[in-house]
Amino acid sequence: MKVNNIILETSIKVLLFIITLFSVYIFTAGHYYPGGGFIGGLMTAGAIVLLLITYDIKTVSAILPVNYRILTAIGLLLAAGTSVGAMLFNVPFLTHVFTDIELPLLGEISLHTATIFDLGVYFVVVGVTMTIIQTIGEDE
Amino acid sequence: MTNLIILPIVIPLLTGVILIFLSKSIPAQRIVAALSSIAMMAVSFIIVQKVRNDGVQSLNISSWEAPFGITLVSDMLAAMLVLTTSIIAFLCLVYSFKSIGEEREKYYYYPVFNFLLVGVNGAFTTGDIFNMFVFFEVMLMSSYVLLSLGGTKIQLRESIKYLLVNIISSALFVIAVAYLYSVVGTLNMAHISSRISEISSGGMPGILTVIGVLFFIVFGLKGAIFPLYFWMPGSYYAPPAPVLALFGALLTKVGVYAITRTFTLFFYQDSGFLSQLLAGLALFSVVAGVIGAIAYWDLKKIIIYNIIVAVGVILYGVSLMNESALMGAVSYLIHDMIIKAALFLLVGIMIAITGTSNLKKISGLIAKYPGLGWTFFIAALALAGIPPLSGFIGKLLIVQGGVEGKSYLGAGLVLMSSLLVLFSVMKIFINGFWGQPRTFEGEEKAPVKWLLIFPAALVALSALYGIGTETVLPYISQAADTLMNPDIYINAVLKE
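Those protein sequences? They're chains A and B, same order as listed. Residue numbers for the first sequence follow the numbering used here, so the first one is 187 and each next one is one higher. Residue numbers for the second sequence follow the numbering used here, so the first one is -4 and each next one is one higher.
These are calculated hints, taken from the structure and not from any lab test. A portion of the hints provided could be inaccurate.
Below, computed lysine-lysine pairings styled on DSBU-like, alpha-carbon distance capped at 35 Å [to be verified]:
no.: 1; chain 1: B; residue 1: K148; chain 2: A; residue 2: K244
no.: 2; chain 1: B; residue 1: K101; chain 2: A; residue 2: K244
no.: 3; chain 1: B; residue 1: K45; chain 2: B; residue 2: K356
no.: 4; chain 1: B; residue 1: K356; chain 2: A; residue 2: K244
no.: 5; chain 1: B; residue 1: K101; chain 2: B; residue 2: K356
no.: 6; chain 1: B; residue 1: K148; chain 2: B; residue 2: K19
no.: 7; chain 1: B; residue 1: K444; chain 2: B; residue 2: K296
no.: 8; chain 1: B; residue 1: K148; chain 2: B; residue 2: K101
no.: 9; chain 1: B; residue 1: K148; chain 2: B; residue 2: K356
With the hints as extra help, turn the sequences into a complete structure.
Listed below in structure tokens is the structure:
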């Protein structure tokens, strides 16, 4: 018997965007407020898990055609890359730099290489969480 | 170059990440892994020379001054262990090309192999106690994967035991670090050491002795000391030969290194309780190890129990805390890493030929495989410490240290253990290689000639290490010097 989950499916369409936006907010606010790559990544993964609960694995992988193992590797590469990048300038590993720039609309913004490291963490967390959930889910 | 000493950690890390992208193509994985392994050997060799010429190297990661940031420290002991690790890793890696099987290679064998090296090299090089915990976890998680990869029944059963024991010991590690942090208020190892000597000018306070015992339990569980070795014979029995060689050569030695480091850097002011505990349990491990080694008729079990003997001998050397015993411990530690890897790889070949590890079902191998037989023979002699080979000088120095420290019982036990160790490996040689030649099912398929190159290289290295003692000894004495005088280490890090 096919159950018609119209309420769940409709509310997910709204909720998904709010949760994803909130996770992006938490990720970007990490330097000044509680948050950061780890919790942001978990929350994004949470949003995808909600999708998985509403639909099935095949539909979700059609909506988001991402290989999560590769996503994890990309995240690791970003994190390791920013750390190794410091070595090119002959300063100790993991040394970060930042600069303040003036942008139209957004105003003064501080750009920090630690954000790229955090983005790596974000990708790894999303990748690992989704790999775990998908592998267990696909298991017969 | 500023970042030299972090390269043995960064190279395998980047390689591991790149190999995840290449997981579809086995040849590409092999080439990248082998190249990076060679690069790691070259870099660690340069580090050893650098430490020899310029003294202890330290690097403040992300430019934060010690003790506020994480500091990596490469003294002679760490540098030599990293070099030995990279040599063993390279040989085990190339050995696995023809022995590990496509099934495992497809499922991230090489990336995890590299992550294991990140953990081991990191644990050797770090100068921060919590960072050491993190590197321990990197190493252990990779070892969980390597242990269970393949998914045979015995692997799954032993992985559960291994996992449980190591999770408990990791939790204890965190607790021990928390206690230590609440007493001294710092995590940088050099800074901890100087803080401890500040508060223990009139003898070490009781709480520090307790923390010392806690650290001993933690690292003893990792390093398989009596009575904390109970998990090892089973867990090490499960994985295939190259993984087993890697575990046998590296993992327990990281525990031994950690005990050596913490006991010579943190708890050296202790009035004698800790060193007596260490000496006592080390000697018990020697005894327990030889009993196991002579009791079994199983190739893998015999070598596995020999690890426990070696751990006991090394830690007995550390517990004596005099110059010759420490030199002996360092020398024996490096020797043992090389020779254990060689023996496990050789045993792996024997199992590949015969299809069994039961010694009673094997005989007369020397008729068809003389190269294998004589390599094993030399490896066995090196393990027992016969003079021109590598085990001799380490044991000699430890026994000398024992006599100097008036610990005659210990020195005698170490000597006696050599005899029984020799007996246990000669049992393999005599029963397995001599006697009536037999034919074994599927022996034609074993690529013996290819596989034999790598343990033979290790045995040759061990022989060179023994013959070239005069060349190696200055390095070892420099390593022992840093262990004897923590001030060298502290000054290199804190730069006062």
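Verification of the supplied hints:
Under the criterion of a C-alpha separation no larger than 35 Å, the hint pairing B/K148 with A/K244 is consistent with the structure, at around 32 Å. Proposed proximity of B/K101 and A/K244 is supported: the alpha carbons are some 24 Å apart, at most 35 Å. Taking the CA atoms of B/K45 and B/K356, the gap is near 50 Å; set against the 35 Å cutoff, the hint is violated. Annotation: proposed proximity of B/K356 to A/K244 is violated, straight-line Cα distance about 52 Å (limit 35 Å).
Of the pairs offered as hints, the one joining B/K101 and B/K356 holds, with about 33 Å between alpha carbons and a cut-off of 35 Å not exceeded. Restraint check for B/K148 and B/K19: satisfied, since their Cα atoms lie roughly 26 Å apart, inside the 35 Å limit. Restraint check for B/K444 and B/K296: satisfied, since their Cα atoms lie roughly 25 Å apart, inside the 35 Å limit. This hinted pair checks out: B/K148 and B/K101 have alpha carbons roughly 20 Å apart, not beyond 35 Å.
A distance of roughly 23 Å separates the Cα atoms of B/K148 and B/K356; the hinted pair therefore holds under the 35 Å criterion.
Hints 3 and 4 from the earlier list are contradicted by this structure; the remaining hints agree with it.
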